[in-house]
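Chains A and B supply the protein sequences, listed in that same order.
For the first sequence, position 255 matches number 255 in the working numbering, and the numbering has no gaps at all.
For the second sequence, position 27 matches number 27 in the working numbering, and the numbering has no gaps at all.
One thing to keep in mind: the hints can contain errors.
Claimed, not checked - Chain B regions said to be covered by chain A (calculated; three or more residues, Cβ under 8 Å):
1) 27–34
2) 49–62
3) 154–163
4) 172–185
5) 191–202
6) 227–238
Derived by calculation from the structure, the hints in this document are not laboratory data.
A virtual CB, placed ideally from N, CA and C, is assigned to each residue, including glycine.
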Amino acid sequence: MKIKNTLRQMRKDWVLYVMLLPGMIYFIVFHIIPILNMKLAFQDYRIIGENTWVGLKHFNVLFGSPAFKDVLMNTVIISTMKMIFIFPIPIILSLMINELRFGPYRKFIQSVSYLPHFLSWVVIAGIWIAFLNPVEGGVNVIRGFFNLPSLDFMTSKEHIRWVLIFSEMWRSAGWDTILYIAAILKISPALYEAAKIDGATTFQQMRYVTVPAMMSTVVTVFILNLGFFMNAGFDQVFNLMNDSVLSVIDILDTYVYRIGILNGQYAYATAASLFKGVIGLVLILSTHFISKRLTGKGVW
Amino acid sequence: MRNFSVMKSIIQFVLFIFVLAILIPLLNILAMSLSDPSKVSELSGLGILPKGFSLINYEIILANPLIVRSILNSVFITIVGTIVNLFLTALTAYVLARTNFVGKNIVLILLIAVMVFEPSMITEYLLMKDLGLLNSYASLILYKAINVYYLFILMRFFQEVPDSIIEAAKIDGASHFRIFTQIMIPLSKPALATLALFYGVYHWNEYFRATIYITDPSKWPLQVVLRQFVVSQDNTTLLNGIDGKSAEFLASLDFGSLQAATIVVAVVPMLLLYPLILKYFTKGAMDGGVKE
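All chains should be modelled from the sequences, with the hints used to inform the complete structure.
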């Protein structure tokens with residue numbers, strides 16, 4: 001009886017299913033099928049004929065390979081450096097921008113600081129490669145001014161990770177202030193009035209009113225960043241890497257690209273991305289639930 | 001407040017340095033692209049005014065059939081891609097936002113699964129190969145036809161349309177498809193315009209899928225040509241486009257300036273739309289509350 005009702009309901013709603021069809025076909029073909037096809041990680045790829053199952057062969061090779069260990073370390077190091085050095089910057093910036101009165105100067109600063117977020121990494125890499133040029137690049141002009149020797153940052157193993165950190169900062173620090181500024185704007189002016197009556201200085205107002213009020217946003221953003229820890233920045237590394245620094249900035253995603261797409265070791269590369277995907281999934285799901293618990297906001 | 005004017009000045013100064021750090025590299029590239037090739041070596045890496053003035057770099061680039069072709073490819077992919085994105089996203093969002101039907105939960109679970117688990121670039125590539133979409137614009141337009149985050153944004157917007165309007169239409173005998181095309185779409189113009197920008201910026205900046213899916217240079221979008229020329233320092237695309245010019249002419253070129261001009265060309269559409277982008281993206285980011 002229940003099934004009959006369900007079927008009748010479905011027949012009545014046939015228009016809805018027709019409208020849903022294109023979207024569902026899209027999701028199944030372009031998302032679900034590639035996800036299911038990651039079973040390739042347990043197979044050997046054949047150009048003609050069926051792939052053969054090989055169990056954990058690729059994973060054994062993967063975990064035994066020094067190259068993979070390096071890549072994993074690079075991913076962890078670069079992600080951690082980004083967390084430590086980039087995460088606090090937008091918080092400080094938004095506190096500083098908040099101290100500016102509303103007006104053309106504030107608007108100008110905000111508009112300019114958002115701009116790099118909308119440039120592709122190809123464009124940013126082009127700009128940075130020119131800016132870090134050992135001969136006439138801006139950074140070396142400044143170094144020359146202080147009588148420091150010129151440096152070729154792009155090919156220096158010691159410096160290239162800092163290039164990643166600073167270029168990421170350049171691109172996203174301004175944009176990432178948006179959420180914090182939104183949080184600050186929601187603070188009731190009454191709190192500031194009260195603080196002023198109690199004789200709080202600008203700095204004390206910041207310390208005791210603004211910062212505590214934006215903490216929940218800070219926590220949310222931090223937790224969500226943790227969820228994407230395994231994404232150390234494919235686009236960025238892909239565009240800024242070259243042979244001389246590959247060993248220190250090769251991350252999981254660029255590794256998968258190189259061994260998979262360039263060298264055609266499809267199954268082995270799929271095993272590497274399945275490993276990354278599973279770690280990433282665990283991180284995202286756990287951060288989602290932690291974030292929901294703590295702040296009421298999750299990834300979805 | 002008054003006693004802390006020193007602190008205010010420090011803050012203003014630090015923010016000024018911050019803005020300079022963003023603007024100088026950008027303006028330097030612009031200045032380089034507009035400089036006279038023979039004088040460009042005098043331009044310091046911090047210079048923001050061109051040395052001499054010449055449009056020769058742009059003339060060379062825009063006379064190059066491969067680069068012009070790539071610009072047209074990018075424009076085509078961006079426009080068609082955005083239209084496909086908007087249509088599919090709106091259609092799906094309508095059904096999920098405004099109606100209840102058997103199986104809706106399954107669909108929502110599917111969407112969340114898609115959002116949290118990314119397929120491997122290898123299996124995506126193999127799928128494109130199996131579908132015979134390699135070297136086609138369709139591969140770039142279809143592979144991200146619906147963005148789940150944007151779908152959720154639009155669903156939220158559709159949910160805010162007052163029920164009474166929909167009910168009235170239903171009483172008048174309007175079908176779902178009619179309600180979608182004649183009520184929801186017109187009422188959602190601001191939201192759709194916002195999404196059009198989101199998707200448009202995305203298509204304009206996309207280079208990676210094109211790098212792996214498209215091997216035929218005549219189908220490359222601008223970002224791929226730019227990448228080859230600027231990041232990989234490979235001049236073949238550019239040189240192949242210059243025919244019948246003397247060796248002296250080639251020697252007079254400054255590749256740094258030509259690269260700069262190509263970068264500028266790739267950024268210009270973004271800057272033209274920047275006021276709109278600012279308005280909608282910042283609002284979207286503030287409302288969304290979740291970082292992408």
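Practice problem: Could you check the structure against the hints above and give me the numbers of any it violates, in ascending order? | Solution: Hints 2, 3 and 5 not satisfied by this model.
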